[in-house]
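Let the sequences and hints guide you as you build the complete structure.
Chains A and B, in that order, give the protein sequences. The opening residue of the first sequence carries number 1 in my numbering; numbering runs sequentially from there. The opening residue of the second sequence carries number 266 in my numbering; numbering runs sequentially from there.
It is worth saying that the hints were derived from the structure and are not from the lab. Note that the coordinates shown come from a computational prediction; the quantities given were computed from them, not determined experimentally. Be careful, since some hints might not be right.
To be verified - Reference listing, derived: stretches of chain A covered by chain B, where coverage requires no fewer than 3 residues with Cβ under 8 Å from a Cβ of chain B:
hint	stretch
1	130-139
2	218-224
To be verified - If you anchor each label on the Cβ, the simulated ranges turn out as follows:
hint	chain 1	residue 1	chain 2	residue 2	range
3	A	D174	B	G451	48 to 58 Å
4	A	V102	B	E463	34 to 44 Å
5	A	A109	B	D288	56 to 66 Å
6	A	R171	B	E492	40 to 50 Å
7	B	E463	A	P239	21 to 31 Å
8	A	A221	B	R378	27 to 37 Å
9	B	R284	A	A221	26 to 36 Å
10	A	R171	B	R436	41 to 51 Å
11	B	D322	A	A176	38 to 48 Å
12	A	A176	B	D288	24 to 34 Å
13	A	S103	B	D470	30 to 40 Å
14	B	R387	A	R183	39 to 49 Å
15	B	D470	A	T4	55 to 65 Å
For each residue, glycine too, the CB sits at the ideal point set by N, CA and C.
There are 2 protein chains.
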Amino acid sequence: MPFTPRTPRVVAARRLQRRRERDATGRFLAEGPQAVREALSRPRTVVELFGTPAALDGYADLAAAAAGADVPVSEVTDDALAALAETVAPQGLVAVCRHLDVSLEAALASRPRLVAVLAGIRDPGNAGTVLRTADAAGAGAVIFAGEAVDPYNGKCVRSSAGSLFHVDVVRERDPAGVLAAARAAGLAVFAATGHGEENLDDLADDGRLRTPTAWLFGSEAHGLPEELAGDADARVRVPLHGRAESLNLAAAAAVCLYASARAQR
Amino acid sequence: MPFTPRTPRVVAARRLQRRRERDATGRFLAEGPQAVREALSRPRTVVELFGTPAALDGYADLAAAAAGADVPVSEVTDDALAALAETVAPQGLVAVCRHLDVSLEAALASRPRLVAVLAGIRDPGNAGTVLRTADAAGAGAVIFAGEAVDPYNGKCVRSSAGSLFHVDVVRERDPAGVLAAARAAGLAVFAATGHGEENLDDLADDGRLRTPTAWLFGSEAHGLPEELAGDADARVRVPLHGRAESLNLAAAAAVCLYASARAQR
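Shown next as structure tokens:
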């Protein structure tokens with residue numbers, strides 16, 4: 001018999017939609033075949049896989065991969081799946097995963113040449129999008145610093161489109177400590193801010209983007225904290241050629257990260 | 266007495282939340298002080314301004330600018346404002362505006378060096394964000410082509426963060442006609458697509474981005490129609506250095522438009 005919304009294991013998994021429960025258990029939910037596939041591709045990440053009979057049949061390769069890794073695979077009713085999923089069309093699969101963040105030290109020890117630091121970014125969609133863009137630009141680590149959103153928030157996981165499982169994710173309360181550690185690891189620290197005194201194009205022209213770099217991004221609503229931006233090696237603005245007053249966070253991060261990626265090659 | 270949600274002019278304005286009504290009347294709603302300020306900065310754009318007494322007092326400069334342009338300014342109750350606005354915190358102001366799109370011919374006659382074509386982009390948030398990014402990158406025109414979202418959709422207007430009022434906006438049903446007209450106006454046409462055979466970095470390296478350019482962007486869900494991409498001068502992919510399978514639309518558009526902006530300077 002498939003599990004229903006009232007089956008204790010479904011009830012327990014559903015609690016992971018709340019941050020407190022994720023923090024307490026060190027687990028989170030990944031929904032949809034793409035995320036489940038990425039999660040299964042990492043050793044010891046998936047704890048349990050729930051699927052409707054139709055989805056477990058349609059994605060038999062994923063069900064087999066889970067079983068092959070000794071991950072329990074449980075059939076659930078459509079209602080139970082809907083209760084576990086946060087989207088309207090969850091495509092029948094939800095995995096319970098272990099937190100996968102690494103320490104700041106471990107992330108920097110692998111000597112990434114490009115790092116994104118999300119300082120106090122509260123919007124999960126924005127954070128997940130920047131995580132995805134950082135992965136695409138070749139960043140080795142994405143650091144959620146200060147009062148940032150939980151990277152395991154369902155919307156952040158979905159917006160990352162799998163990239164949560166690709167890069168070293170770090171959670172670090174103290175943004176100033178992140179800057180110090182990044183600098184000690186040989187990274188230049190550039191703060192992306194609309195009020196920056198340096199123009200991104202100038203940094204590209206004079207070769208300063210070629211160096212291993214940690215980019216600091218702040219929240220769309222509040223920007224980067226003054227003292228954090230002040231502590232960076234440069235405060236950099238994306239040039240505004242037209243009449244827009246600013247770029248949104250995802251666009252600004254894409255332009256900065258890709259400028260570094262291009263300069264570093 | 267301030268207008269209530271039942272006052273006929275409020276009822277009529279509220280109908281503009283529906284596309285059919287916008288199409289029939291050639292009018293749309295812009296909410297919040299930033300959008301209202303941008304709208305008022307254009308001649309003959311604002312038809313009527315509604316505001317709560319507190320907002321008309323707090324933004325007395327906007328109320329005065331409207332009155333100075335012979336735009337009727339009407340006090341409304343908080344309930345009426347909430348009915349007119351589509352956001353939770355509309356900051357007390359909503360303007361009824363005239364459609365401001367121009368013909369394809371007029372937009373190209375001003376010889377823009379950078380143009381964004383949104384081909385069949387249905388998501389209003391995505392469309393508005395790309396419009397904002399195109400403005401920031403210095404694009405002179407943004408063309409909504411094919412079965413694209415209505416640029417006057419409330420979410421598109423808000424996501425554009427004022428840029429709807431800055432660039433030449435064009436609505437054109439036939440995307441193939443847009444390509445032909447752009448080419449006739451001396452623009453290279455580059456299709457941004459994850460499957461493109463050319464790498465954006467290579468176009469930058471060999472100087473092909475220096476030419477006046479129209480960038481074609483498709484919807485995040487469906488991409489660019491095959492025949493439209495095939496008709497472009499080049500099909501261009503943003504390089505993926507990490508393990509992400511793709512970029513989201515806003516990020517890809519930002520990287521492409523800024524690559525052109527940088528090359529053209």
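A quick look at each hint next to the structure:
no.: 1; hint: 130-139; verdict: holds (count 8)
no.: 2; hint: 218-224; verdict: violated (count 0)
no.: 3; hint: A:D174 - B:G451: 48 to 58 Å; verdict: holds (54 Å)
no.: 4; hint: A:V102 - B:E463: 34 to 44 Å; verdict: holds (36 Å)
no.: 5; hint: A:A109 - B:D288: 56 to 66 Å; verdict: holds (59 Å)
no.: 6; hint: A:R171 - B:E492: 40 to 50 Å; verdict: holds (47 Å)
no.: 7; hint: B:E463 - A:P239: 21 to 31 Å; verdict: holds (25 Å)
no.: 8; hint: A:A221 - B:R378: 27 to 37 Å; verdict: holds (33 Å)
no.: 9; hint: B:R284 - A:A221: 26 to 36 Å; verdict: holds (29 Å)
no.: 10; hint: A:R171 - B:R436: 41 to 51 Å; verdict: holds (45 Å)
no.: 11; hint: B:D322 - A:A176: 38 to 48 Å; verdict: holds (42 Å)
no.: 12; hint: A:A176 - B:D288: 24 to 34 Å; verdict: violated (53 Å)
no.: 13; hint: A:S103 - B:D470: 30 to 40 Å; verdict: holds (39 Å)
no.: 14; hint: B:R387 - A:R183: 39 to 49 Å; verdict: holds (45 Å)
no.: 15; hint: B:D470 - A:T4: 55 to 65 Å; verdict: holds (59 Å)
In this structure, the earlier hints numbered 2 and 12 are contradicted, and the remaining ones agree with it.
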